Amino acid sequence: MKNNVIVTLEGVTKKFPSGKGLFTALRDINLTFGKGEFSGIVGPSGSGKTTLLNIIGSLDTPSEGTATVLGKRISDLSQKQAALLRNKGIGFIFQTYNLLPVYSVYENVEFALLLQKINTAERKKQVMESLEWVGLADRAHARPSTLSGGECQRVAIARAMVKKPALVLADEPSANLDSDNSHHIVKTMKKLNRELGTTFLFSTHDEKVMQYLERIIYLKDGAVDREEYPKDS
Amino acid sequence: MGNGKRTWLNVSVLSIAFVVIIFFNGMLDGWNKQAKTDTIAWETAYGRWSHPLYDPYDPYTFSDSHGVPPGVLQEEINAGHAVPVLLTQASAYPGGRMINIILKGIDPGQTLLEIPSGVMDSLSPSIRGDAIGAVIGSRMSLSSGLQTGDRMIVRWRDVNGVFDARDVIIAGIFSTNVPTVDVSQVWIPLETLQEMTGMRGESTYVLLDKELAEKTEPASGAAYAGGWHYTNLDALMKDIEAVVEAKSGGMMVISILLLCIALLAIFDTQVLSVFRRQKEIGTYIALGMTRGRVVTVFTIEGTIHALLAILLGSLWGIPLLGWVQKTGIPMPEMTDQAGLAVGDKIIPAYSMALILTTVVLVFITSLIVSYLPARKISKMQPTEALKGKLV
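So the protein lines, in turn, are chains A and B. Under the numbering used here, the first residue of the first sequence carries the number 589, and numbering increases by one thereafter. Under the numbering used here, the first residue of the second sequence carries the number 7, and numbering increases by one thereafter.
These aren't lab readings, by the way, just hints derived from the structure by calculation.
In silico negatives: residues of chain B with every beta carbon more than 10 Å from chain A:
id : residue
1  : Pro58
2  : Pro65
3  : Ala85
4  : Ala137
5  : Glu251
6  : Tyr377
To give an idea of the chain B side of the interface with chain A (calculated C-beta under 10 Å), a few residues:
id : residue
7  : Lys285
8  : Glu286
9  : Arg299
10 : Ser384
11 : Pro388
12 : Thr389
13 : Gly394
Everything numeric in this text was worked out from a predicted model, so none of it was measured. Cβ coordinates follow ideal geometry from the N, Cα and C atoms, glycine included.
Bound conformation, chain A alone:
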């Protein structure tokens, strides 16, 4: 079972400078996430969900405690090592999609592979496969500005999944979407989770997303309040 653990958080605390003092965004978080989990961190605004995802995603480091992701201690990583970890092992899905507007759908998805220096033919194969997963192969040459919000988020999912990462972190992925699109994108992610065994970790307070989660961690004022397992995995 221990071999299946890909994220371990031990006593993770995060403090930010605030005025003359420090604001504690996370307090003594102890959690593990296993391979293939489809879990969510739920809590009101300011509860520390995004901060926690940022630390797991090696975009930030804990002030205290240790966060180990895919066998790497986040605090010990140099900038280059953290970039490599994100590039190879972690996919990000953002609330506002964060697509690069000057690139086409294809180029947005291809971007992550370019950083891995994969050859053109292999890149093309992987990008098209990824776009097929999200049902956007026919929009490969469209610009993000011509896509709907749901389509943009599906491009973002394709971009996160194209490198087949072990872990995908989705920060409020449905916050800007209507009900139908929310269901659609979470179902897409759930399908990829099942088919590819990718671990998905959400931060959300969207009921529509929560109903698909296998494990829900409730955060309150930066600390774990409780955990629920709505469905057996």
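Add chain B to chain A, keeping to what the hints say.
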């Protein structure tokens, strides 16, 4: 203003700076080249042996700086590789006025200098009478009011300090870009001047042709018997070099100012770009790009301004500079008062070295001003960048 418009505005300003730098420097190089060519052709030839007392910057030395050239030089004069010139101060009285002049004696048969010395002997004896045939430059003609065929009295002191005077008739007027062979100078046959001054066989300096100068070059600085000293071509050109260098200083200030304006615009655009595209920067970092690589991407983006400016500058600059090179730049009439060889027109010279140096200069400076704002990215917190917040 949109990004596209801002980019093209920057590119346009930078392209102007690029072309103007080449234009200014090309003009200076052209002037330098023209001044040297004309000075060699009219005044200095390729090298000069001069009497030990001769100082071209001190007219008081002229009366004493004369002597018979050493034997070796005499052989070269006889062989046609060297031309002796004798100077003496004199007074001329054109139209009843007195002006100070330098009488210069030169062999009428010489072809080393462009001075039309053959014209001095061209007047028929019936016209010339007892007068000495002389040629003067157009500046001298203008200032003295002398025209071809006019006569004037010239008074000088001979080797013993005794005053004497004779009529001089203007046999010809030449036009040259080199004022130092023209202003206040009257050219007469060497033998006549030697006879007038009692300095038989003597000269003040001896000018060498290219072949002889090249052979003499290794002996530069050495002195012949009698202490005659040699001045090579580089030393003869040093005045021109000094003036061009001084001029290029002023031109450089203008070029730098222009370049700074263009680079400031690029810098400003880069600052704005880094400020406005923080979310994009955060996304790059989240996707696994190192901050160093993001800095490189933004620096390259900024430097592309330079590349576009060079292309745009080539588009309008090549025809424009080509046309200017074909037609030349007319110079105001008073320009030659500076005492240096300046033609009616300056033909700019655009060398490959000049163009490449300017390209490299524009490129490197653009690279630097693009890098300076971009390096802020390396200090950016990716989590803050993703929110699109201020750094």
